[in-house]
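Protein chains: 2
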Amino acid sequence: MEENWMELEAEELLQEMLTLLHEKKIGKLREMLTTLNAVDIAQALSEVSETELPLLFRILPKELAAETFIEMDNDSQEFLISAFSDKELKEVLDEIYVDDAVDLIEEMPATVVKRILRHTNPEMRKDINQLLKYPKDSAGSMMTTEYVDLKKNMTVAECFARIRRTGVDKETIYTCYVTDRDRRLIGLVSVKELLLADEEQVIEDIMETNITYVGTLEDREDVARMFDRYDFLAIPVVDGEDRLVGIVTVDDAIDVLQEETTEDIAKMAAVVPTEESYLKTTVWTHARNRFFWLLFLMLSATVTGGIIQKYEDAFVAIPILVAFVPMLMGTAGNCSSQSSTMIIRGLALEEIKFKDFLKVLWKEVRIALLVGVILALVNGVRLLLMYSNNAEVLAQVSMFQLIVVSGLSLIGIVVLAKSIGCILPMLAKKCKLDPALMAAPLLSTILDTCSVLIFFSIAMAIIGI
Amino acid sequence: MEENWMELEAEELLQEMLTLLHEKKIGKLREMLTTLNAVDIAQALSEVSETELPLLFRILPKELAAETFIEMDNDSQEFLISAFSDKELKEVLDEIYVDDAVDLIEEMPATVVKRILRHTNPEMRKDINQLLKYPKDSAGSMMTTEYVDLKKNMTVAECFARIRRTGVDKETIYTCYVTDRDRRLIGLVSVKELLLADEEQVIEDIMETNITYVGTLEDREDVARMFDRYDFLAIPVVDGEDRLVGIVTVDDAIDVLQEETTEDIAKMAAVVPTEESYLKTTVWTHARNRFFWLLFLMLSATVTGGIIQKYEDAFVAIPILVAFVPMLMGTAGNCSSQSSTMIIRGLALEEIKFKDFLKVLWKEVRIALLVGVILALVNGVRLLLMYSNNAEVLAQVSMFQLIVVSGLSLIGIVVLAKSIGCILPMLAKKCKLDPALMAAPLLSTILDTCSVLIFFSIAMAIIGI
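Chains as they are written, first to last, in my numbering: chain Y, 603 to 1067; chain X, 603 to 1067.
Honestly, the hints are just simulated from the structure, not real lab data. Incorrect hints may have been included.
Identical chains blur together in the list; that is why a pair holds if it fits in one copy or across any two.
[Stated by the list, open to error] Listed next, the in silico DSS-like pairs over lysine-lysine satisfying Cα-Cα at most 25 Å (straight line):
| id | residue 1 | residue 2 |
| --- | --- | --- |
| 1 | 728 | 738 |
| 2 | 754 | 794 |
| 3 | 961 | 882 |
| 4 | 794 | 961 |
| 5 | 965 | 1032 |
| 6 | 1032 | 728 |
| 7 | 689 | 664 |
| 8 | 882 | 965 |
| 9 | 794 | 772 |
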């Protein structure tokens, strides 16, 4: 329901906008646009032609224009900047937050960046240059420098005066930060507490001094996860000398959580992650991001082929054996994928830690035994139903041998698959590798080899070929 | 680094707490606990024994105790409630928000629920009963009824007076909702706007009237995604007659986003999702959640076995053919898993919609051709290197046939795998099924069968067995 609504909205919206534009009903168009959210306008604008884009954009009121600009895709942003007059560019840049300006600059080509920096005011340029110095995935790179800072000897009334004076440009005013003379963070106070406090009270007496904060170099994924864990609206970022340099807000944390999960999911499917969305990524880039894993896994799979070849005499004598291979390899892959996926997600959410290694392994072994034995029994019944009257097969091997060989193989393979499926991601975590790489594609390739080895070894031993 | 810090913290914390408790340094212990975040205290308490748990819990100041209680796992909560006196239970319940109370009640056994309801005040009991009526995954079930409501003829000063009077118990005060006489939502105003406005201004003149809101029955995943899209701190929930009945806050939205992603990831690995964390889930439950998919896929895989059997004459005559099967099946599985994963995630993030069907399919076909042809070439080189001096193999089949058969099979299989990998999730979405079910395990089972069929058909045609 919601999906249809969103889809219809976006298309109807666009149609309506273009109709009003072509009929030159600019007043009505502006009225319509101001009722909309910047994200929705940006989405609609991403579909219009290059001649209509600047026309429509110029109709937006200043603040909404800047908000919409920030939500647009990089190509549209670059095109719009080239279409802007210097005055227009300056107007947009004056309205956007420093962290959004940094994101923009990181995506634009060098000539555009120069033009952007030329039209930002000196103070903002200084902040932008500072933020650009932090590593790409750090807290420093995702923070904004626009927060409200207070001094500990201010009264509540003075704080409100300061918020009223400086708050309009701040990304959030709901958490205010108390710093000392050296800009060191010494406390924080929420607007809620300020509102509920007496006007005469001094900040020092009501501020919270047990502060959770992060360093500028902290990994942005860890920062984002703190929002999930502690339900913050913002978190302060300090430099090496505990001086407050910025804040990270919850909206950016949500974006990072979603992006990091998307990256993990791509890695788990043996795809090199990109930042662009699926549709925006070219065929070449998609192919490149997928090719190397496919090649590596294809070549690894020939090992399994080689092992099967080694047992040529066995399956030429008893061809029915080959029929078991897809089932065993498939079950091995599915079992390992189940375990590794649960473990990788648990590690990402920090529900599982390396110290739980033995606990997890013991759990997986028990699950595997339970599942493996039942699968073996069901498979035994299937064999009885399918082959007990099949003279051709029974001439090759007895029903008892068939059931025992495939049953034992199944149990062995399931236990191995689930063990490897939990061991590899946890070891990867311990070795500071990304656990998401130890997922289904790699594991099933490893387990294909193991399955064939286990199956033919058991078959040779029991049937005695 | 951060992980170690968190791990050490939790364990050191616990140690420190227990030492202080056993030395009866209660004052110091309370001092230490009040510097901590409720989430961290709850985690530490989840490790202590049942005799120590109530002792430690009773040391917490009232408000922190309630916050900590809400963060604990269900077993500890149930145990603590049984250990509480009526007075203690009432104190905790008085401090918690309605939506947290509802979450608690949904997890507790009936006798505990009765005791909880007996000790909540009548107004809260009414709210709880109301919220319990909404379906489990609806906006109604995740909202809270504690918000600030204003009337349109109030001045800014009157609004602040109202916030000061009623705000202390509200989950958020930063967005205030303006309702008419029939409780219908007619506007909203942020505390930031109130602070920046003149004290004498009337709310009607400054409130935002273009409001994004949701209905009580809206799917909670869609609601959560609106926070991701629009960067809200809270979103109002209205009933069938547009009356404001509650709000959803961003912290709950983050939880839902994370939970829904975890569910999707589990489904993509052919595991039935649970709400409990990995370590809290019993071996039986894990086994049950994994078994049926494994059984279904194992039995489906026997179809592939059956098809191989059909080509018994072919591979008994040319045993080298069997050696290609793992490579072809593996590549098919990996290709389909890459495509389906990217599509499923794109659909979940609403970056891809059903109307993009043909665009996506055409993209995947081109990616597949590109990747397939290069893989076929690499594979050809590998065959030349491995078998050009292998008389046994060359007695069965010519090098040219080997390269052409495996190359054509590879290309065909890759194109099929990537096509099915994008078609099935998109069709599932269209049919209101969960696209996450159309992931690697199911697809690779389907593609195993297709791979074997394609490979042996091409082999029969070209080698002419």
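Problem - Those earlier numbered hints the structure runs against, lowest number first - result: 4 and 6
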